[in-house]
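In the order they appear, the protein sequences are chains A and B.
Under our numbering, the first residue of the first sequence is numbered 55, with each subsequent residue one higher.
Under our numbering, the first residue of the second sequence is numbered 17, with each subsequent residue one higher.
Don't read these hints as lab results, they were simulated from the structure.
For clarity, every value in this text was computed on a predicted model and none was experimentally measured.
Glycine is no exception: its CB is placed at the ideal position from the N, C-alpha and C atoms.
Do not take every clue at face value.
[To be verified] Just so you have them, the derived chain A footprint on chain B, three or more residues with Cβ under 8 Å: (1) 45–51; (2) 97–104; (3) 112–125; (4) 258–270.
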Amino acid sequence: MILQVKNLTKKFSAKGGDFTAVDNISFEINEGEILGFLGPNGAGKTTTIYILLGLITPTAGDIFIFEKNLETHRQEILQQMNFTSPYVSLPYRLTVFENLLIFAHLYNVPNPKKRIEELIDLFGIRNLRDEPVSHLSAGENTRVGLAKALLNKPRLILLDEPTASLDPQMAHEAREILLRVQKEERTTILYTSHNMAEIEKLCNRIVFLNHGRIIASGTLMEVTNAILREERKEPALEEVFFRAVKETKI
Amino acid sequence: MKRKRIAAVIERHLYDIRHNFDRLFDVLYWPVLDIIMWGFLTIYLSGKGVTGANFKNFLLGAVILWRIFYSFSRDIAVGFLEEIWSRNLLNMFASPLSIGEYIEGLLVVNLFKVILSFAITSLLALLFYGFNIFPSSFPLLPYILNLLLFSLAIGFLVAGLILRYTSKIQTLAWSFAGLFSPISGVFYPISVLPKLLQNIAWFLPSMHSFEAMRQILAGGGFSPIHFWWGFVLNLIYLALSVLFFKKIFEVARNRGLLVKLE
């Protein structure tokens with residue numbers, strides 16, 4: 055097992071009292087699996103990802119990544135992980151190549167320059183290689199972020215809405231690259247997206263969160279049938295999304 | 017691997033200096049402007065006959081040392097701000113990089129900047145105004161070390177406050193060290209201060225460095241009392257500021273502030 059989350063809870067203190075962003079959730083990801091992490095805005099997806107990266111301390115619960123406790127083996131674990139999110143960026147005055155080189159060194163990537171050139175070709179960003187990040191469009195930034203996420207050939211990647219700012223063609227190409235990497239290197243991926251069709255194309259299993267709680271988890275068909283309470287022949291995640299959000303409204 | 021990560025932080029900030037005119041200005045522009053302006057003042061006052069024998073040396077020595085103190089503390093805080101401004105803080109700390117390694121890298125870069133700034137301003141003072149600080153550099157070294165330690169403590173304090181209260185208070189990076197200048201006796205002996213401020217000044221390591229600098233430039237030799245007062249105070253302030261920063265970093269992770277910084 056690559057990732058095991060046990061009874062994870064995160065409460066934030068707010069003026070009106072404690073706010074529970076993540077409420078006693080447990081889930082696992084097996085090696086080579088792509089797990090879709092779904093839920094409306096504020097469901098607790100991004101908070102969970104930040105907890106898994108050690109950027110937010112959980113209030114309770116345990117996280118085991120590569121069968122090691124994140125709390126006690128943070129550096130060792132993060133060495134073999136990576137992530138990207140539209141909410142983060144890279145130093146904007148530095149060029150794409152300089153940024154990738156810095157992160158290659160941070161992750162101790164062997165033959166960093168060769169690896170960077172491979173990724174630059176893989177994501178079709180050769181024309182951007184020596185451009186400052188500040189000159190890039192949102193879509194170009196996303197592709198650079200994805201290249202950064204694959205630099206260290208991570209065993210586990212956390213991708214928070216990675217195709218949010220890509221046009222349909224670019225998003226399709228990015229998904230194809232991710233699928234290829236996942237197949238060739240047995241990379242495990244935790245994937246969040248608001249694009250239900252994308253989740254249906256990519257993910258083996260999904261975890262559906264709302265108000266910090268898991269309201270359904272399983273294969274696409276299991277979740278579709280459980281939430282819609284009828285036997286369907288095809289996954290229907292968009293319908294599932296609307297139904298689940300409506301029924302769990304507080 | 018730890019060394020590689022520290023080297024990556026150094027690399028990140030060196031690239032930034034290369035691309036960012038602001039950082040180049042910080043290292044060269046203001047220190048050079050200061051030395052030129054204060055140098056002309058010493059010429060003017062010397063012409064008026066209102067100065068003592070060491071007046072020029074004291075003033076230019078103070079400008080050079082003050083720049084070291086001010087720049088070092090500012091650049092620690094600005095280093096963090098750079099990550100916040102570019103929304104890169106999460107990328108950095110979601111990597112295997114630890115906060116300690118990040119700070120070590122930042123210190124090396126800033127030390128390099130301080131040495132560069134010191135060399136340029138000292139050279140200009142020699143060329144334009146005949147003030148040669150280099151023969152005094154060796155005896156001044158312990159006091160410069162004390163200035164750096166104190167500015168490091170201030171840098172940690174300000175960086176911690178920015179982590180806690182976000183870039184809303186980023187102006188502290190440029191202004192906080194300045195708070196200590198009136199009672200540190202940068203350009204005048206603290207004997208001119210009211211008694212109460214003189215007593216407070218004894219608890220500022222910066223005051224001990226500037227008083228000792230004047231003693232050395234006047235040919236008075238090493239002052240153990242000013243060195244040890246400054247050094248022991250620095251050990252206390254540095255320990256407190258590191259504890260404060262570590263605590264704030266934990267609080268930031270706990271409250272989710274690290275992911276909301278902007």
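Just to make sure I understand the rule, a stretch counts as covered if three or more of its residues have a C-beta closer than 8 Å to a C-beta of the chain. Does the stretch 258–270 of chain B meet that for chain A? holds (count 3)
Establish whether the coverage given for the stretch 97–104 of chain B by chain A is satisfied; the threshold is a Cβ-Cβ distance below 8 Å, and no fewer than three residues must meet it. Held - the stretch 97–104 of chain B has 5 residues with a Cβ nearer than 8 Å to chain A, which meets the minimum of three.
Check, residue by residue, whether the stretch 112–125 of chain B contains three or more positions whose beta-carbon lies closer than 8 Å to a beta-carbon of chain A, and give the verdict. holds (count 3)
Taking a Cβ-to-Cβ distance below 8 Å as contact, does the stretch 45–51 of chain B have at least three residues touching chain A? violated (count 0)
Hint 1 alone, counting from the list given before, is not met by this structure.
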